[in-house]
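S.K.: Model the full assembly from the supplied sequences, consistent with the hints where possible.
One line per chain: the protein sequences are A, B, C, D, E and F, in this order.
Numbering-wise, the first sequence is residues 525 to 597 according to our numbering.
Numbering-wise, the second sequence is residues 525 to 597 according to our numbering.
Numbering-wise, the third sequence is residues 525 to 597 according to our numbering.
Numbering-wise, the fourth sequence is residues 11 to 386 according to our numbering.
Numbering-wise, the fifth sequence is residues 11 to 386 according to our numbering.
Numbering-wise, the sixth sequence is residues 11 to 386 according to our numbering.
Keep in mind that the hints are not guaranteed to be accurate.
[As the list claims (entries may be wrong)] Here are the in silico distance ranges between beta carbons for each label pair:
| # | chain 1 | residue 1 | chain 2 | residue 2 | range |
| --- | --- | --- | --- | --- | --- |
| 1 | F | Lys-317 | D | Glu-214 | 52 to 58 Å |
| 2 | D | Glu-214 | C | Ile-561 | 58 to 64 Å |
| 3 | C | Leu-556 | E | Tyr-42 | 17 to 23 Å |
| 4 | D | Val-73 | E | His-356 | 53 to 59 Å |
| 5 | E | Thr-201 | B | Gly-552 | 27 to 33 Å |
| 6 | E | Pro-189 | F | Gly-386 | 45 to 51 Å |
| 7 | E | Tyr-42 | F | Thr-144 | 43 to 49 Å |
| 8 | E | Thr-46 | C | Val-529 | 48 to 54 Å |
| 9 | E | Glu-214 | B | Gly-552 | 18 to 24 Å |
| 10 | E | Thr-46 | B | Tyr-559 | 45 to 51 Å |
| 11 | B | Ile-545 | C | Ile-561 | 37 to 43 Å |
Note that these hints are calculated values from the structure, not bench results.
Every value quoted in this text rests on a predicted model; they were computed, and no experiment measured them.
We treat Cβ as the ideally placed atom computed from N, Cα and C, and that holds for glycine.
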Amino acid sequence: MPELVSQALDLVLYGMGSVFIFLTALVGVTMLMSYLIGTDPTTNESGIPSGSMDPKLLAAISAAVKRHREDRQ
Amino acid sequence: MPELVSQALDLVLYGMGSVFIFLTALVGVTMLMSYLIGTDPTTNESGIPSGSMDPKLLAAISAAVKRHREDRQ
Amino acid sequence: MPELVSQALDLVLYGMGSVFIFLTALVGVTMLMSYLIGTDPTTNESGIPSGSMDPKLLAAISAAVKRHREDRQ
Amino acid sequence: MEPLTTLWHSTGVYQMSLGQLAMIVIGLLLLYLAITKKFEPLLLVPIGFGGILSNIPGVDIAVGQGILHQFYAMGIETGVFPLVIFMGVGALTDFGPLLANPKTLFLGAAAQFGIFATLIGAVALTQTGILDFTIAEAAAIGIIGGADGPTAIYVAGKLAPHLLGAIAVAAYSYMALVPLIQPPIMRLLTTEAERKIEMTQLREVSQREKIFFPIILLGLVALTVPSAAPLLGMFCFGNLMRESGVVDRLSDTTQNALINITTIFLGLAVGSKLRAEQFLVPETLGILVLGMVAFCIGTAAGVLMAKLMNLVSSQKINPLIGAAGVSAVPMAARVANKVGLEANPHNFLLMHAMGPNVAGVIGSAVAAGILIMFAG
Amino acid sequence: MEPLTTLWHSTGVYQMSLGQLAMIVIGLLLLYLAITKKFEPLLLVPIGFGGILSNIPGVDIAVGQGILHQFYAMGIETGVFPLVIFMGVGALTDFGPLLANPKTLFLGAAAQFGIFATLIGAVALTQTGILDFTIAEAAAIGIIGGADGPTAIYVAGKLAPHLLGAIAVAAYSYMALVPLIQPPIMRLLTTEAERKIEMTQLREVSQREKIFFPIILLGLVALTVPSAAPLLGMFCFGNLMRESGVVDRLSDTTQNALINITTIFLGLAVGSKLRAEQFLVPETLGILVLGMVAFCIGTAAGVLMAKLMNLVSSQKINPLIGAAGVSAVPMAARVANKVGLEANPHNFLLMHAMGPNVAGVIGSAVAAGILIMFAG
Amino acid sequence: MEPLTTLWHSTGVYQMSLGQLAMIVIGLLLLYLAITKKFEPLLLVPIGFGGILSNIPGVDIAVGQGILHQFYAMGIETGVFPLVIFMGVGALTDFGPLLANPKTLFLGAAAQFGIFATLIGAVALTQTGILDFTIAEAAAIGIIGGADGPTAIYVAGKLAPHLLGAIAVAAYSYMALVPLIQPPIMRLLTTEAERKIEMTQLREVSQREKIFFPIILLGLVALTVPSAAPLLGMFCFGNLMRESGVVDRLSDTTQNALINITTIFLGLAVGSKLRAEQFLVPETLGILVLGMVAFCIGTAAGVLMAKLMNLVSSQKINPLIGAAGVSAVPMAARVANKVGLEANPHNFLLMHAMGPNVAGVIGSAVAAGILIMFAG
Ligand code: NA
Ligand code: NA
Ligand code: NA
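M.R.: What follows is the structure, encoded as structure tokens:
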């Protein structure tokens, strides 16, 4: 079998192998983690980037814009 | 005529020549373009950076600020 | 006295010396400056970053948010 | 020489080659698709425009001291741009849906088969003498199947810089074409009944889980596939900034100014690889074909994995979300949702599809690490 | 050596040369003009401050590994900063008024005569033995007449880096002085009647025209003056991001964070060229004089071209807007509007003047390309 | 070699050294302190995460072409990152309280004694053969007492790059620990009566004073300690942008996008110096001990100076604000306020403590200049 092909087959073996081993392990540790630290959502959890101040900002903007429109009517 | 001077005159020739040829051509293709694709302004055309979200934001701010001031009165 | 030690003592001498000379001089020129150009606060002085547009923005946001909340009640 | 002759010889009309003209047309086509058809405009506008600039004759733009080549040298040769983008993607990623249903990680794993099948395909083309790819080139082409832009650019920059232009164009174009590529395959491989499967509402995920996840993900990478650490490390760092809640100003800037600035320069730098002499080669055609194959196989593998999981697991999952395992975030997840709604108007799969979707990003980053280590 | 002597010798009082002191005073003057008189503060604050830093003795700031020299080496020697600024200017430019009345492009062309007249002037100074400029230096000085900051810095960085400080200072100072320089010339060359000419309301321009314009502009550059492609290419790219409407987040960042960051570092880097030994030379005086001449001739040429056009064209234009052809955006357009209002209180020329104003940017970028190619 | 063996040998489990494991734990500890205890999170999150990345085996991240080493080489070796951060700090600093009561500058001077006492301490450790530091290393360790992050990183990068990791970690950790370190010392050195001293309301400061201050500060630096000009020059430039009021857009970007982006890359770059082989050495322990000593002595010196000033001056100052002279902005000022409130619930020292607080930044920057010049 030409070297290129054997290299390729090795790569597929290593690659898919690693991907599956890795993600299987990840499923395990993730479930373990959730089990250990508890899964009760805290209030500040909401899928919103806890980072960005956008939510409040947008709330403000939209409210203001709404009002603004009403003015114009 | 010293070389520096002839170089300079060539540059002026090339330069002003290119600038005029280029901008004349640009006048032509621009008019052609406008003629071909039509010049009826679409609604979203308004000279406002279509990019920036400032307009809405500013509208919001100003509206809010206005109200804010009214509060204080 | 080993060289390292003498170097160190020189550094302390130079260092603290410079720091004190410098900051003493700074006290002087600062007081002089304030005396010369006058210290009456102008209106736009307020400790607020004259740069940032935050203050107005925040005022707007807070006002808008306040209103927004009131809506929901 | 006659002044006017000099001037005439300095024009593009005089100097432009047919290839350059063709590439400029291709650049215009990319701009058209990006602006009119909304094909991944954030990348294809800079790439397309950069491609046009790179094919203007008589001036160094994409070579030598040219500005685009400088962007390429400082940002892609070094790997900085794709890694910074990846950090930004991490800061924009919400792992909530994945954490609510970790099993969907398997779908993200399966979909990576597209990468390796394509690698085999590239080798086959070489064996059959149709084209000639080295193992490194084959690996770089395969990564198109990862359906993840920065990963593809990072790998191509390491393994096959001369093919980077074609690989990046293929990756982003097919990511934009996902709504056309995936549905037929998804319908072909699933029964009406399967497409109707409704999935149980995902549980809420706690902030603590979200904070711990990027850390354990990095830990697992460190222990098992260190070669994936640059990509996934930056990704996890971005995500930790986002979820930790103590560095909001850094997270905001990463999600906005920083990722935007980097995207602009990355796109222009990629465009510098669209020079006619480098792009208009038979390999490019092969890359475009193989890339399409990669997307198709990845999609199929994801769907089939979902069906396999339904055989062994009691809690059924809708196989359509398997297709989202290729990544192409968030397009592929939207496609799964759309096809699901066709079968069952009350079936909203979007959030369920986000799990495999981000899992696919992790999966292809792992694959990228392996490829760089063993094919580099 | 005696500790105290060492300390004394390390002070600036001991080391400072008269030249450095003079340059620090000049730096303070620039800061004064920028802060109190609002002279192009965005550039003159960083340039002036950088100039002061560059003349502090006994420490490497503008040379060697000094921070300002690093900014210069990474940003100006490479051409990256001016080109990125130009991209930002493109993203901030609205071509609407130009598209509504393309003929005003001729005014932007005529005003560039200031560039070439000044080039001749520099050569004349050399011939008469007053000063000694090479053709490249003469070209770099001429570009001051382009009245466009990034273009001047880009050209000077390529053709005469040692003169960059004086050229940049002249360019920005005269741009700030446009309200003093132009009106007398405008009044001198126009009759009261001409200044009273009212122009017809500009038509609205469609978004499609605005999207196509940067593309056809780039296409024309590619076909005719490729040497102008780096400058105009980045300019058109910025404008396309702005108008395309599909990459708003990139356009926003370009118009704000990116152009601001680049402006800061560009200004400081320019300041690094204000070192006494480089700036306090007779050439600087010549550059300041020639730069002023360039602005005056450019202004005159713009106005006269407008009058010429009125001879051949039926639709009359107010010659005052010709002065805006030098660029100096948007100051020159405002000046045209102001002088117009003096003659006719109901005559608002601002929007009409924006056409030649941006045309002047294009015109000087084309001239820059030619100068770099033939004098480089 | 056997495929599986190859794969196994490529894992981190197989390659990781005990030292790397220990450093990863230390990195996790830093993240824990930053996220849970809010210890300087803006820096310790990137530093801690970077430290973890740098100790992942089998992949170049903090060495060679690794991304973090590239950040280090481009940003810290060159001094660019700390200087840009310093510019940002200047743009965020309000000199109002200092201008209202310039005498507090003496407190900022006294607190720098911590730097030099620590330098002596490092030399003593060397003389006694416990550790072995050169004069440059001793100086770099001493600067921890400056309680100012960018200054410490800048000096360490110049004088002792191999110790930069430990020095930066010590500096930021102790800055975060100021609320624990300072109060006992403050109470020990002051009587109840002294802590009760109420200070007169600070006068308002005019905008003109705020604009002139950064300029005269720079002027004084140029005349007396030019070696401090890079640090204080960038600091003054940032502050002038802030106060001048004519470059608001530059000031805004500097206070936000620019300082945030630089902070991220600076933190990651510092993390690249947390590699086990470099960090896990006896010197690190010495640095941590000496750094703590530096903070304590600096605090004490500030308080004692305040008491000394009360002996000679009629207008009494509360000695607690002397502790703020170490900088650690704004934490140390808050601590002074807190301890003051304990003694007298109506005694708000915060604004009075801001004066010495920013004075401490200036003082340690001056000290840094001297150290780099004479120990470099
Ligand atoms: Na993927
Ligand atoms: Na111009
Ligand atoms: Na300090």
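S.K.: Is 43 to 49 Å right for how far apart the beta carbons of Tyr-42 (chain E) and Thr-144 (chain F) are?
M.R.: For Thr-144 (chain F) against Tyr-42 (chain E), whose Cβ atoms are near 46 Å apart, the range 43 to 49 Å holds.
S.K.: 45 to 51 Å was suggested as the range; check whether the CB atoms of Thr-46 (chain E) and Tyr-559 (chain B) agree with it.
M.R.: Holds - the Cβ-Cβ distance for Thr-46 (chain E) and Tyr-559 (chain B), about 50 Å, lies within 45 to 51 Å.
S.K.: Do the Cβ positions of Glu-214 (chain E) and Gly-552 (chain B) conform to the proposed distance bound of 18 to 24 Å?
M.R.: holds (22 Å)
S.K.: Is the gap between the beta carbons of Pro-189 (chain E) and Gly-386 (chain F) within 45 to 51 Å?
M.R.: holds (49 Å)
S.K.: Is the hinted range of 27 to 33 Å satisfied by the C-beta distance from Thr-201 (chain E) to Gly-552 (chain B)?
M.R.: With a Cβ separation near 31 Å, Thr-201 (chain E) and Gly-552 (chain B) satisfy 27 to 33 Å, so the hint holds.
S.K.: Hint says 53 to 59 Å; check whether the CB-CB distance for Val-73 (chain D) and His-356 (chain E) agrees.
M.R.: Holds: the Cβ-Cβ distance is about 55 Å, inside 53 to 59 Å.
S.K.: Looking only at beta-carbon atoms, does the pair Glu-214 (chain D), Ile-561 (chain C) fall within the given range of 58 to 64 Å?
M.R.: At roughly 60 Å between Cβ atoms, Ile-561 (chain C) and Glu-214 (chain D) fall inside 58 to 64 Å, so the hint holds.
S.K.: Per the hint of 48 to 54 Å, is the separation of the Cβ atoms of Thr-46 (chain E) and Val-529 (chain C) within bounds?
M.R.: Between Thr-46 (chain E) and Val-529 (chain C), where Cβ atoms are some 53 Å apart, the hint holds.
S.K.: Check the following: the C-beta atoms of Leu-556 (chain C) and Tyr-42 (chain E) are separated by a distance inside 17 to 23 Å.
M.R.: Since the Cβ atoms of Leu-556 (chain C) and Tyr-42 (chain E) sit about 19 Å apart, the hinted range of 17 to 23 Å holds.
S.K.: Using the Cβ atoms, figure out if Lys-317 (chain F) sits within 52 to 58 Å of Glu-214 (chain D).
M.R.: The hinted range 52 to 58 Å holds for Lys-317 (chain F) and Glu-214 (chain D), with Cβ atoms some 57 Å apart.
S.K.: Lying within 37 to 43 Å: is that true of the beta-carbon distance Ile-545 (chain B) to Ile-561 (chain C)?
M.R.: Since Ile-545 (chain B) and Ile-561 (chain C) have Cβ atoms about 56 Å apart, the given range 37 to 43 Å is violated.
When the structure is compared with the earlier hints, a violation turns up for hint 11 alone.
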